[in-house]
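Enquirer: The primary structure of each chain is shown beneath.
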Amino acid sequence: MTTIDLRKGGVGGVDNRPYHERYEHAPHWRTQEAEFDGIKLGMWLFLATEVLLFGGMFCGYAVFRMLYPEAWANGSHYLDWKWGCLNTIVLLVSSFTVAMSIHNAQKNQQGWLKINLLITMVCAVAFVAIKLTFEYTPKWSGYFFFLDPALHHYTDSGKTALGGLFHFVEGYGGKRPGALFSYAYAENPYEHIWWSVYYVATGIHATHVLIGVGLLGWLYVRAGKGHFGPTHYTAVEIVGLYWHIVDMIWIFLFPLLYLIH
Amino acid sequence: MAAHAHTPETFDPSDPHHLIAHHGHVIIRPRTLVAVLTVLLVFTVTTVAASRGEVWFAHKFDVEIPQIVNVLIALSIAVVKSVLVAMFFMQLKYDNPLHSILFLFCLFALALFLFFAMTDLGTRAMVYTFKSGEIQRGGLGIDTQVKDESGHVLRGVDTGQLGIVAWARQRRIEEIGNQQSQGLLKPPLAPGETAEERWEKEAAAFHAAHGVQPKPPLTASTASKHITPPPGPTPDLYTPDAMLKPKTGEHEH
Numbered sequence: 001m002t003t004i005d006l007r008k009g010g011v012g013g014v015d016n017r018p019y020h021e022r023y024e025h026a027p028h029w030r031t032q033e034a035e036f037d038g039i040k041l042g043m044w045l046f047l048a049t050e051v052l053l054f055g056g057m058f059c060g061y062a063v064f065r066m067l068y069p070e071a072w073a074n075g076s077h078y079l080d081w082k083w084g085c086l087n088t089i090v091l092l093v094s095s096f097t098v099a100m101s102i103h104n105a106q107k108n109q110q111g112w113l114k115i116n117l118l119i120t121m122v123c124a125v126a127f128v129a130i131k132l133t134f135e136y137t138p139k140w141s142g143y144f145f146f147l148d149p150a151l152h153h154y155t156d157s158g159k160t161a162l163g164g165l166f167h168f169v170e171g172y173g174g175k176r177p178g179a180l181f182s183y184a185y186a187e188n189p190y191e192h193i194w195w196s197v198y199y200v201a202t203g204i205h206a207t208h209v210l211i212g213v214g215l216l217g218w219l220y221v222r223a224g225k226g227h228f229g230p231t232h233y234t235a236v237e238i239v240g241l242y243w244h245i246v247d248m249i250w251i252f253l254f255p256l257l258y259l260i261h
Numbered sequence: 262m263a264a265h266a267h268t269p270e271t272f273d274p275s276d277p278h279h280l281i282a283h284h285g286h287v288i289i290r291p292r293t294l295v296a297v298l299t300v301l302l303v304f305t306v307t308t309v310a311a312s313r314g315e316v317w318f319a320h321k322f323d324v325e326i327p328q329i330v331n332v333l334i335a336l337s338i339a340v341v342k343s344v345l346v347a348m349f350f351m352q353l354k355y356d357n358p359l360h361s362i363l364f365l366f367c368l369f370a371l372a373l374f375l376f377f378a379m380t381d382l383g384t385r386a387m388v389y390t391f392k393s394g395e396i397q398r399g400g401l402g403i404d405t406q407v408k409d410e411s412g413h414v415l416r417g418v419d420t421g422q423l424g425i426v427a428w429a430r431q432r433r434i435e436e437i438g439n440q441q442s443q444g445l446l447k448p449p450l451a452p453g454e455t456a457e458e459r460w461e462k463e464a465a466a467f468h469a470a471h472g473v474q475p476k477p478p479l480t481a482s483t484a485s486k487h488i489t490p491p492p493g494p495t496p497d498l499y500t501p502d503a504m505l506k507p508k509t510g511e512h513e514h
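Residue numbers (this note's numbering), protein chains in the order written: chain X, 1 to 261; chain L, 262 to 514.
Chain X with its partners taken away, still in its complex shape (with noise of 0.2 Å):
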């Protein structure tokens, strides 16, 4: 094309645009319209994929959930509804901040768009965090947080760990997958089938959480760069898309775990 475009610097001007101004699309696609196409449709037929890993995971719960209903009732009691509740409300609103930094993007709020996917990252740590600290370590190995308000159903052994950070509540840990089991007061024969399925199922959705966290903080450095802009966020939206999976997964498990009785 013979057309001199002043915002590009001319002829022989220098392009001074920030980069999601500048950023066509690459080679191999035709238009920048057909390559945000494209990879949304790449990334849904991915998404269909990680729905059905987790559904294979939900089959394996139905079945043994059918097999071992006395267990599972069992099982379930053993978590507290309230982490559950409390990891449920964060992940919706890291869902709220992802979309709200996709809208940002578009509207060239740059400022907005890194704060969005900062609180998104913040929520998704707090995910792991809680998981870790309050349901993960006292039923593995017995070893309360502190500040866990169960630690004062329990006798305090008077064993801590990490500087009086975790207490250690006798005979309360153990409870863990499979052939790891070694808790003592378990009421029914088939629970470690229990612990398996739960778990397979919060550990791997854990892990997804994570991989979240490492793609927001690579959006991040990007955002910071100036990289996304009203025409140029694909990177953002597939993110996005991938965080609201793994969020609904969530939304799945956590009645199907902590709510049966």
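Keep in mind that the hints were calculated from the coordinates and are not lab data. Since we're looking at a predicted model, the values are computed, not measured. Here a beta-carbon is modelled for each residue, glycine too, at the ideal position from N, C-alpha and C. There may be inaccurate statements among the hints.
Okay, derived cross-link-like pairs now, PhoX-like style, lysine-lysine, Cα gap no bigger than 25 Å in a straight line [unchecked claim]:
#, chain 1, residue 1, chain 2, residue 2
1, X, Lys82, X, Lys131
2, L, Lys321, X, Lys82
3, X, Lys8, X, Lys82
4, L, Lys462, X, Lys139
5, L, Lys462, X, Lys159
Non-contacting residues of chain X with respect to chain L, defined by C-beta distances greater than 10 Å in every case (computed) [said to hold, decoys possible]:
#, residue
6, Val14
7, Asp15
8, Asn16
9, His28
10, Lys40
11, Val125
12, Thr133
13, Trp140
14, Phe146
15, His208
16, Leu210
17, Gly224
18, Lys225
19, His227
20, Asp247
Covered stretches of chain X, as calculated for chain L (at least 3 residues, CB under 8 Å) [unchecked claim]:
#, region
21, 44-55
22, 189-201
Once you've looked at the hints, dock chain L against the given chain X.
Expert: Chain L alone, transformed into the frame defined by chain X:
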């Protein structure tokens, strides 16, 4: 700003009068997103309330509510929440319908998977009880050891012939016995009390602390309705002709 198609501020020098209509990228209003978040949070509270309410209802009126009610309520609320997340946060409502079709097909594939797996397992005992047997065997965690070629145990514990849950219980009872014989038990066993009884007291204390009423131990009548068939070949299933003993009076010619 309306949540309809809103073309971004791009200037295409090959089409300066914007005669070619491009599919705009939809910008959703923050108000819509906040509304969806609020509804999702309300549904979260609803699902927890429904679950606790069901427990309260069953306790107050002393009725037994079948498990399916709990599952249906929880899953239907979860489905509504997921639809909201998909349609608004994931923008399926404003997107190319191909994405919706793709996602729905994936859910259909998942439904097919679950349907066949569950109906197969769920109906195995429907006509012939012996057919449900094989699934019931195992699952107790009796043989959990991983050995290498020479027979060295790499991982796992030797539970004897106990299930792993029963093994953990036995180990605690032995531990109490050992501590008592070494004089390390605090507080000590009362005279006449055995390690077993001490274990039962500790178990009751743990279950009370967690708000669980200890259930009576499973017996044949109180156990799950699945029936474990006796071992060995199924009687009267098939007897070859050669093994049939002639019945009295049968061979009268």
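Enquirer: Confirm or reject each hint.
Expert: Hints versus structure:
1. X:Lys82 x X:Lys131: holds, 12 Å
2. L:Lys321 x X:Lys82: holds, 23 Å
3. X:Lys8 x X:Lys82: Violated: Lys8 of chain X and Lys82 of chain X sit about 56 Å apart, past 25 Å.
4. L:Lys462 x X:Lys139: holds, 21 Å
5. L:Lys462 x X:Lys159: Judged against 25 Å, a Cα distance of about 22 Å means the pair holds.
6. Val14: holds, 18 Å
7. Asp15: At roughly 14 Å from the nearest Cβ of chain L, Asp15 of chain X sits farther out than 10 Å, so the non-interface label holds.
8. Asn16: Consistent with the label, Asn16 of chain X stays out of reach of chain L, its closest Cβ about 16 Å off (over 10 Å).
9. His28: holds, 20 Å
10. Lys40: Non-interface label fails for Lys40 of chain X: nearest chain L Cβ at 7 Å, not farther than 10 Å.
11. Val125: holds, 20 Å
12. Thr133: Thr133 of chain X clear of chain L: closest Cβ-Cβ about 19 Å, beyond 10 Å.
13. Trp140: Trp140 of chain X is indeed farther than 10 Å from all Cβ atoms of chain L, at 14 Å.
14. Phe146: Check passes; 18 Å lies beyond 10 Å.
15. His208: holds, 15 Å
16. Leu210: holds, 20 Å
17. Gly224: holds, 22 Å
18. Lys225: The claim holds: Lys225 of chain X sits with its nearest Cβ about 20 Å from chain L, beyond 10 Å.
19. His227: Consistent with the label, His227 of chain X stays out of reach of chain L, its closest Cβ about 16 Å off (over 10 Å).
20. Asp247: Per Cβ check, Asp247 of chain X is inside 10 Å of chain L; nearest 6 Å; violated.
21. 44-55: Check passed, 7 qualifying residues.
22. 189-201: Per the Cβ count (5), the hint holds.
In summary, the structure is inconsistent with hints 3, 10, 20 from the numbered list given earlier, while agreeing with the others.
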